[in-house]
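Protein chains in written order, with numbering that gives the first Met the number 0: chain A, 0 to 383; chain B, 0 to 367.
It is worth saying that the hints were derived from the structure and are not from the lab. Among these hints, one or two may not hold up.
What the hints assert, rightly or not - Each pair of labels, with its calculated beta carbon distance range:
{"id": "1", "chain 1": "B", "residue 1": "ASP135", "chain 2": "A", "residue 2": "ALA282", "range": "50 to 56 Å"}
{"id": "2", "chain 1": "B", "residue 1": "THR304", "chain 2": "A", "residue 2": "GLN359", "range": "42 to 48 Å"}
{"id": "3", "chain 1": "A", "residue 1": "LYS360", "chain 2": "B", "residue 2": "GLN255", "range": "32 to 38 Å"}
{"id": "4", "chain 1": "B", "residue 1": "PRO37", "chain 2": "A", "residue 2": "PRO164", "range": "47 to 53 Å"}
{"id": "5", "chain 1": "A", "residue 1": "HIS329", "chain 2": "B", "residue 2": "PRO97", "range": "57 to 63 Å"}
What the hints assert, rightly or not - Coverage of chain B stretches by chain A, computed from C-beta distances (three or more under 8 Å per stretch; other residues unrestricted):
{"id": "6", "region": "38 to 52"}
{"id": "7", "region": "130 to 141"}
Don't be surprised by glycine CBs; every beta carbon is placed ideally from N, CA and C.
What follows is each chain in one-letter form.
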Amino acid sequence: MTELTRYPGSAGQPPATASALVTGRVFLLDSPRYTARVPRFLAADRSGLVLSGDGSHTKAGQIWRQADVPLLIDPASYARQIATADEPFALGNEGTLVDIGLDTLLTGQRQCHAAVAITPSRYVQAGDSAAFKALVRQAQVIERDDVIVAVPVALPWLTQEQYLPQLVAGLQRIPHPKAVMFGHQKNQNNPFDAAAAIPNFRRLLAETAGVGLWRADLLAAFDCLAHGGAFAAIGAGGSLRHLVPPGQNPDSRDPRVHTPAVLLPAMLRYSMGGFIADKYASATAPNCGCVVCRGATLNRFDSLSGDVRATAHAHNAAVWTAWLSDLFGHPDGPARQLWWRGMCRAAVDAHVQENARLRQKDAFKPSAALKKLASLQLLAGQYT
Amino acid sequence: MASDTAAHAGMLVLARESRGMTQAEVAEAMTRDSADVPVSQGYVSKAEAGRLEVTGPRLALYAAALEYPAGVLCADPEIHGVGVGLVHHRKRASLGAPALRRIHAELALARMQAGALIALGGVQPEHRFRRIEIDDFDTPSDAAITLRRDWHLPPGTVHQLVTVIEDAGGLVLVRDLGARELDAVTQWMQGEPPLFLVSARAPADRFRFSLAHELGHVIMHGEPGATAVQERQADEFASEFLMPADAIRAELANGQLDLPRLISLKHRWGVSMAALLRRASTLGVITDWQYRNLMVEMSALGYRTQEPGDVAREHPRVIPALVSRLRNHHGYQRGQLAEAVGLLEDEFTRLYLDDVDPFTSDTAEAAR
């Protein structure tokens, strides 16, 4: 039998549980298609790499020896299959009737050198209480302690008062780390732009333990960690920073259509490489000091080439990785929240300053989520 | 109905409130009917407080003012189970307290009337209602799913909600509740079938949703609770009961959800366009933006006050069938039945014989 990988924790000791391994980490979540190697800039004690989707097992087998950060495999069944009361997990080889069994699937990830395993949870549609409860109940009886339970639910579970208490109650019942993610239709913007999303997610975090945000963008992930979240995973590309329900393929999944999304650090925003190039066509583009850019300007991603896309993704991750020491350097609680709100306020201001510098009114508009994060009160109960 | 010779104070209050009258109005009516003796509001107040006895000619005068037989005023509300216990109602905030008291009293008396008819018919009231506990994890939607399963309802639409409730042993009465702000009231007393009193003024689609909402109260709310929370839970129950997520999701998501499609779905599901739109939003089938746009469009067309598209109106059958059987098979005369239920003959005729569904027959009752 293949020896199971026990990734050293920050104290140099083997982690006893999935909870010990993931708590206090922000993972980079990437497709095996774009992952040639484990990025060296990932912080060993604060980060990790998640391979998501088809080919992850094979890729993990190829790169695990390079990894000095935890390596995880996310089956991402939620991207393809809808949960039902009978089948909250994807337990068969898709297209066949063979039921592999949850424990076997989880062990399979570990045998491919995943530091801990992630459940093959299916996507729970809004209001499908029976499917959600089935997922919770089957997660409750998982006896192994090296498992993260993926909880992929439609956005109304978070934003609608009708569903949120059940979501919280379900998460409270699962005795494992919970990777929650919120699916939304392809013609919607960032799910955290919805008015109730951020206050409700903070409420969820306050009422549950061991919850992390999965397939998030920088804003949502850092806000999660600033408000009691245990961990987060930020997608490398746009399609991995959000969850589109099965059957609603987003246009952005086809990399031939869009230039890559590039993180503009000062404004805490992602913009398309082509959009950035346009805005700085007659002005100096900002430089970036991350370990990938090393001072290069950020208008260099106006391309559909795979290499440029990979570099953009690496830049994005390198930027937020460099901020993790600041994030976790502030004690969990008001100090960290204050630091994070300050970052968001500075980012809103940076939009104004950059527009003034470019002499283009509204060249960059802060997102609804960013404006909300910059303005919400710090203390629990004063968010609304 | 059994009666003693003196009025019961509690019943005087209930009877007056059921008529929506003040004590002063009762006194005025009694004075008008009395040839020479003026009756003061203080007299009515003392009578209702049990501080003086109402008998003989005064009792007849009192009964005439309230338009009830004298005997009904002598009934003990406790003995006859008329007391107003936990009552659920689907109303708008604008409904005032006096109107609510009137409707609660009407409900109590309706229960008494229905009980009397059932007793005359020798029917053993059996039912299949049970309380289903809910909490944050086991939701009102779950309760609706459980009840549908308990009652062996087929998946999809509920074609005849009144029949479903009556088949389960519930009693449904349709009355003009005299207020547009209230759609239905419900009460379930121990040892009895639940009674649903539904406004005849409500449009057919709203009638169905209100009835399902009240069903939710009956099933989930055995104790008084925070009104806003219980109302929201009852709405959630009604949505799932009438529009099961697993059946309606695909229909709402199938193609463009616009006004013509909502009208078509309204016919099929027997609920309002507004309810369908809300369902589509809560099920995440449409975006917030689409929801707002369609609501604005419906408002602009006046659909928020009057929607297009008809839904078949439902009628209770069990009580009318029982009355029919008592008259046709047991030989009771109209006046006898009126006396038995504690109503004057005209009112009995209006409430129990007029507007009776032509399809009502003994078969509906026999089916129980």
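Against the structure, the hints come out as follows:
1. B:ASP135 <-> A:ALA282: 50 to 56 Å: Given range 50 to 56 Å: holds, Cβ gap about 53 Å.
2. B:THR304 <-> A:GLN359: 42 to 48 Å: 47 Å, holds
3. A:LYS360 <-> B:GLN255: 32 to 38 Å: 36 Å, holds
4. B:PRO37 <-> A:PRO164: 47 to 53 Å: 60 Å, violated
5. A:HIS329 <-> B:PRO97: 57 to 63 Å: Between HIS329 (chain A) and PRO97 (chain B), where Cβ atoms are some 59 Å apart, the hint holds.
6. 38 to 52: violated (count 0)
7. 130 to 141: Satisfied; 6 residues make the cut.
Hint compliance for this structure: hints 4, 6 are not met, and every other hint is.
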